[in-house]
Amino acid sequence: MEKYSQKLYWHIRRLVILHEDADDALQNTFINAWKSIGNFRSESSLYTWLYTIATNEALTLIKKRKRNAAVSIDDLGSYFASSHEGSTWFDGDEAQMKLQNAILQLPEKQCIVFNLKYYDEMTYEEMSKVLKTSEGALKASYYHAVKKIEKILVND
Amino acid sequence: MMQKMNDIPGKNPFKVPDNYFEDVNRKIISATSGFDQEVRKISIYNRFRTRLLVAASVAGFIFISYTAIKLLTHDKSNSQVSQVLHEINTESYINDIDISSLEEDASSLVFTEELPDVSKKDIIDYLLRENIELNDIYEQL
Numbered sequence: 009m010e011k012y013s014q015k016l017y018w019h020i021r022r023l024v025i026l027h028e029d030a031d032d033a034l035q036n037t038f039i040n041a042w043k044s045i046g047n048f049r050s051e052s053s054l055y056t057w058l059y060t061i062a063t064n065e066a067l068t069l070i071k072k073r074k075r076n077a078a079v080s081i082d083d084l085g086s087y088f089a090s091s092h093e094g095s096t097w098f099d100g101d102e103a104q105m106k107l108q109n110a111i112l113q114l115p116e117k118q119c120i121v122f123n124l125k126y127y128d129e130m131t132y133e134e135m136s137k138v139l140k141t142s143e144g145a146l147k148a149s150y151y152h153a154v155k156k157i158e159k160i161l162v163n164d
Numbered sequence: 006m007m008q009k010m011n012d013i014p015g016k017n018p019f020k021v022p023d024n025y026f027e028d029v030n031r032k033i034i035s036a037t038s039g040f041d042q043e044v045r046k047i048s049i050y051n052r053f054r055t056r057l058l059v060a061a062s063v064a065g066f067i068f069i070s071y072t073a074i075k076l077l078t079h080d081k082s083n084s085q086v087s088q089v090l091h092e093i094n095t096e097s098y099i100n101d102i103d104i105s106s107l108e109e110d111a112s113s114l115v116f117t118e119e120l121p122d123v124s125k126k127d128i129i130d131y132l133l134r135e136n137i138e139l140n141d142i143y144e145q146l
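Taken in order, these protein sequences are the chains called P and X.
Under my numbering, the first residue of the first sequence is numbered 9, with each subsequent residue one higher.
Under my numbering, the first residue of the second sequence is numbered 6, with each subsequent residue one higher.
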């Protein structure tokens with residue numbers, strides 16, 4: 009568990025942004041994984057299986073957050089500026105803030121693909137098992153994500 | 006254009022509280038420890054469930070097939086047995102009969118009365134009454 013908890017935490021954190029939300033989602037990930045361990049098939053590795061559960065937990069949390077209109081994180085900068093707690097757990101400079109903002113503006117799927125490729129350096133084969141999508145579609149997703157981010161950064 | 010993204014130093018701009026990962030690992034272990042036995046029982050069942058179902062299906066199929074075959078061949082075998090038994094009994098009866106001994110027995114019979122003369126016409130009339138074909142009679146004559 010120690011081997012995977014950090015990787016999974018950062019993957020979730022990059023999607024949900026807030027530490028408290030990431031903490032909840034991480035714990036739910038391991039509890040759900042433990043409950044479903046009997047259903048684990050060796051067709052995928054434990055690593056990709058856990059990533060699948062973590063991604064689903066993060067997306068569930070984001071959907072719940074969107075339903076609650078009071079908590080919306082479309083602009084990290086504004087959020088951190090208005091929330092003392094939020095700014096404590098962000099250590100990046102302005103450029104990193106801009107990058108994170110750009111990533112947040114991507115469609116959900118592209119955001120996940122970009123994070124898995126750029127930050128986790130996951131292969132397309134592994135990503136395909138996590139997201140149950142073909143490698144070709146993932147490559148296209150990543151390409152479009154990069155183009156969109158660059159366009160946002162250039163215009164910024 | 007990619008250069009702009011690569012110029013951004015450091016990959017992870019987020020932070021966590023001190024000792025967060027040690028604490029969260031402890032929380033997860035305590036949260037999941039209650040499921041331990043239950044999960045183990047279920048996983049053993051799940052592991053063998055498919056194999057048990059397959060084995061049960063095969064056993065059921067074999068049993069049904071065997072029963073069906075037994076039922077279908079039951080009468081046939083019984084009648085065959087009866088026939089064989091009848092033949093055996095008949096053969097043994099026949100084997101028990103010794104023709105030569107019959108002739109001896111017959112020859113030892115003494116008729117106390119003279120046999121009446123019987124004409125050929127009487128014989129033919131008798132045979133016709135007994136529904137024996139005339140042609141057969143002529144052939145014998």
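Think of the hints as simulated: they come from the structure by calculation, not from any bench.
Think of the CB as a built atom: it goes at the ideal place given N, C-alpha and C, for glycine as much as any other residue.
Watch out, some of these pointers could steer you wrong.
[Stated by the list, open to error] Just the calculated beta-carbon pair ranges, DEER-fashion:
id, chain 1, residue 1, chain 2, residue 2, range
1, X, Ser38, P, Val162, 48 to 56 angstroms
2, X, Asn17, P, Val162, 45 to 53 angstroms
3, X, Arg56, P, Glu116, 39 to 47 angstroms
4, X, Ser35, P, Lys117, 29 to 37 angstroms
message: Between the beta carbons of Ser38 (chain X) and Val162 (chain P), is the distance compatible with 48 to 56 angstroms?
response: holds (52 angstroms)
Supplied distance hint 39 to 47 angstroms, evaluated on CB atoms of Arg56 (chain X) and Glu116 (chain P): For Glu116 (chain P) against Arg56 (chain X), whose Cβ atoms are near 40 angstroms apart, the range 39 to 47 angstroms holds.
query: Taking the CB of Ser35 (chain X) and the CB of Lys117 (chain P), does the distance hold inside 29 to 37 angstroms?
result: Taking Cβ atoms as reference, Ser35 (chain X) and Lys117 (chain P) lie about 35 angstroms apart, which means the hint holds.
Hint check for Val162 (chain P) and Asn17 (chain X) - Cβ pair distance inside 45 to 53 angstroms: violated (23 angstroms)
The structure is inconsistent with hint 2 alone, although it conforms to all the rest.
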